[in-house]
Amino acid sequence: MQKEIKRNISLTGDIKFTGLRLKEPMQTAAGFLGIKEALRHSLKEMGIVNSMRSLLEMNQEDGFRCPSCAWPVPEHPSKIAEYCENGAKALADEATRNHIGADFFSEHSVEELSRLSDFELNKLGRIVEPMVLKPNSIHYEPITWQDAFELISDELHQLQDPNEAIFYTSGRSSNEAAYLYGMFARAFGTNNMPDCSNMCHESSGVALSETMGIGKGSVKLDDLYGAEVILVVGQNPGTNHPRMLSALEKCKQNGGKIISINPLAETGMVNFKNPQSVSDMLGNGQAMADVHLPVKINEDVALAKLILKKLVALDAKNSNVLDHEFIVEYVDGYDDLLKDLESYDTESLQKRCGVYMRKIDQVVQVLAENSKIVICWAMGITQHKNAVDCIKEYVNILLLKGAVGKPFAGTCPVRGHSNVQGDRSVGIMHYVNKTLNENIQKHLNFDPPTEKGYDTVEAIKAMYEKKAKVFVCLGGNFVMAASDTQYTAEAVQNCDLTVQISTKLNRSHLVTGKTALLLPTFGRSEKDEKNGELQFLTMESSTGKVRQSKGLLKPASEHIKSEPEIISLLAHTYFRGNHSMNWYELGQDYNLIRELIDKTVKGFENTSEASKGFGYYLPNNVRTRDFRMLPNGMAQLSITPLPDHQLQADELLLMTIRSHDQFNTTIYGLNDRYRGIHNERRVVFMNAEDMAEKGLTQLDVVHLHSNYDDIRRTAEKFIVVPYEIPKGNMAAYFPETNMLVPHNQFADKSQTPISKSIKVTVEKAS
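Be aware that the sequence shown starts at 1, since it is given in full-length UniProt numbering, and climbs by one per residue.
Some hints here could point you the wrong way.
[Unchecked claim] Computed list of lysine-lysine pairs in DSS-like fashion (alpha-carbon distance at most 30 angstroms, straight line):
#, residue 1, residue 2
1, Lys385, Lys434
2, Lys252, Lys79
3, Lys123, Lys16
4, Lys759, Lys749
5, Lys749, Lys602
6, Lys461, Lys749
7, Lys759, Lys359
8, Lys36, Lys123
9, Lys759, Lys23
10, Lys599, Lys527
11, Lys717, Lys727
12, Lys252, Lys385
13, Lys44, Lys759
14, Lys23, Lys44
15, Lys434, Lys79
16, Lys550, Lys602
17, Lys764, Lys717
18, Lys23, Lys764
19, Lys694, Lys351
20, Lys612, Lys554
21, Lys717, Lys123
22, Lys309, Lys727
23, Lys694, Lys23
24, Lys339, Lys385
25, Lys749, Lys385
[Said to hold, decoys possible] Simulated restraints, written as ranges between beta carbons of each label pair:
#, residue 1, residue 2, range
26, Gly532, Lys23, 40 to 46 angstroms
27, Asn578, Ser277, 55 to 61 angstroms
28, Gly695, Lys23, 44 to 50 angstroms
29, Ile48, Ser137, 37 to 43 angstroms
30, Asn318, Ser348, 50 to 56 angstroms
31, Lys79, Glu329, 58 to 64 angstroms
32, Ile80, Asn707, 48 to 54 angstroms
33, Val312, Glu689, 48 to 54 angstroms
34, Gln441, Arg625, 30 to 36 angstroms
35, Glu75, Lys44, 29 to 35 angstroms
36, Asp361, Gly695, 36 to 42 angstroms
37, Glu329, Ile639, 18 to 24 angstroms
38, Asp598, Gln276, 34 to 40 angstroms
39, Lys317, Ile639, 21 to 27 angstroms
Since the hints were derived computationally from the structure, they do not count as laboratory data.
Idealized CB from N, CA, C, for every residue including glycine.
Could you put together the complete structure from these sequences and hints?
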């Protein structure tokens with residue numbers, strides 16, 4: 001018997017500094033420099049012809065949707081540039097002319113490749129043919145598509161229980177691919193469908209479902225234009241959702257006020273030069289946040305309670321501050337909320353949140369005088385132990401002001417990946433949806449499983465404990481995106497088979513099960529033709545609008561397949577034609593998939609036609625003030641406690657952040673120019689007073705440690721950079737610091753990792 005080898009895989013690459021250059025943080029986002037960087041990256045990766053063709057079609061009416069964030073496209077998009085710098089980078093990244101196949105993998109082992117950084121791995125290029133990594137091998141080798149499907153099918157058939165398989169989904173997938181994927185998992189017999197939303201906005205879904213009756217935001221894009229006040233909470237639009245700045249600019253031009261609430265003052269919330277506006281580009285741009293509240297990490301509940309207390313006090317003097325008519329008709333829990341607020345001391349709340357009272361009073365006055373209020377938030381709120389409570393406390397503000405279910409007001413969780421909301425809408429969920437199951441039985445003629453499946457946290461634990469043996473990923477970079485990198489890697493390596501449906505190489509293709517498959521798929525910008533017919537896909541934006549997406553570029557290789565076709569052929573091979581669904585045909589004509597979506601999924605109707613052009617909105621009960629599904633048929637005010645981190649004397653709170661040269665775990669470059677960081681990612685931002693107390697100076701090298709349940713986790717070698725961040729707080733980039741986040745520390749109810757409030761100690765490197 002051949003002895004099993006253990007692959008010597010690095011989870012970090014060789015740790016080396018790349019040459020940090022510090023500059024002053026920038027005071028203006030986008031502008032000429034943004035255009036320059038977008039074009040530089042595009043031309044370098046795609047060449048001039050493909051760059052011009054694709055950039056002009058991205059987010060246009062008959063074009064393709066941006067592969068980056070889920071921010072909605074305006075009804076009348078700019079014909080020149082309805083994209084941002086990060087969208088251009090994401091497009092160029094997937095449409096790169098750099099390709100890797102059998103020759104590359106025969107020359108480079110997975111061990112050798114793992115020594116590269118995540119940035120270096122991403123630069124290698126598109127995977128252009130299916131590859132297999134066999135047991136006791138350290139080199140991928142080519143495999144035919146049919147052999148790959150047979151290999152997966154054989155492994156699935158050998159499982160003792162369907163729940164030994166896990167089907168993970170990334171937010172880059174289309175509605176059609178996600179639907180097929182979810183139906184195949186159910187037809188196979190499991191609800192083990194963890195999703196990238198488990199790691200980011202699951203807290204939003206839980207909080208909004210319990211307070212509003214739907215796990216999505218309530219606003220449309222036009223609502224932001226006419227809002228009187230927009231609160232941007234725990235979010236950095238200038239880097240993570242740059243097209244959102246155009247909406248904020250319109251709000252400002254219409255007389256609205258912007259309030260930024262975040263530990264860091266981000267450039268995009270200071271000033272914005274809109275590349276679509278000649279006057280902006282030639283002038284000084286648009287000043288953004290009227291007030292910035294630098295709240296301490298994870299003290300949003302204290303801040304929101306303080307705002308609420310002050311609004312209630314003003315209302316006692318002038319009953320027009322709160323919307324009492326709305327509260328009486330639509331809101332439950334008002335008296336209980338008042339009692340809760342009375343139990344807190346104003347000065348104590350102010351000390352907890354760390355924001356000057358005069359700034360809080362400014363915000364309170366703006367909220368008191370206006371009722372068309374939108375609150376936007378992102379992962380700065382959703383990734384804490386009490387993330388659900390954080391969101392609920394901000395929802396309390398909207399409900400007391402009657403700022404839901406009317407124009408220019410409501411909730412706006414800003415989703416990260418381009419179709420993460422659509423994935424969930426069409427059935428990617430680990431829990432059981434009774435109505436969906438009934439529709440599956442009625443229209444698809446099979447019985448779906450009725451027991452809850454694994455979410456992301458539970459899936460990792462199941463693999464670690466060897467209760468799951470097959471792990472299939474529809475996109476993403478699971479090992480680096482998840483918390484507790486070492487634990488997650490060991491979990492994945494315990495599997496018999498791991499399958500990655502991907503466009504480009506990442507570390508999750510090197511940290512694998514005993515057998516691993518790389519199945520290369522189309523990028524969003526590539527033309528998808530089946531039997532002479534151009535196919536299109538659909539996606540759902542953060543505001544719940546479903547729109548078409550049609551690629552136009554020649555695919556990177558004749559040996560890659562689309563996601564819907566890969567899933568359909570896998571299911572066809574597994575069932576060998578013996579199933580109620582005609583899987584093969586579904587992969588050849590996506591209209592057939594949309595017909596099934598319309599029949600089985602709530603809110604989807606005539607999608608093949610209705611998704612053209614401007615697209616259509618899915619139903620949203622909050623927009624009509626219909627809260628019948630909630631207790632007493634009313635929206636719910638919430639009573640939430642303050643967080644208790646129990647910090648030791650030497651501990652600080654660390655939040656993970658993105659640089660301006662990355663999207664999620666994909667690293668485009670080594671700069672974070674808005675924060676003044678150039679040519680380096682291994683930096684940690686610290687308050688100058690904290691540095692002095694720990695005997696640190698600028699550019700010192702430190703190790704970061706977290707200690708939970710007596711397990712010490714370490715992220716080595718970070719350069720200290722003094723920065724305007726609240727005392728006791730720190731920030732560093734992910735995925736480099738994900739290894740500090742314990743796998744068993746997550747948000748109550750949503751189980752989202754605590755990536756924005758990690759207790760750490762700092763050790764000066766010798």
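Problem set entry | Hint check, failures only | Per hint list: 12, 13, 15, 26, 28, 30, 31, 33 violated.
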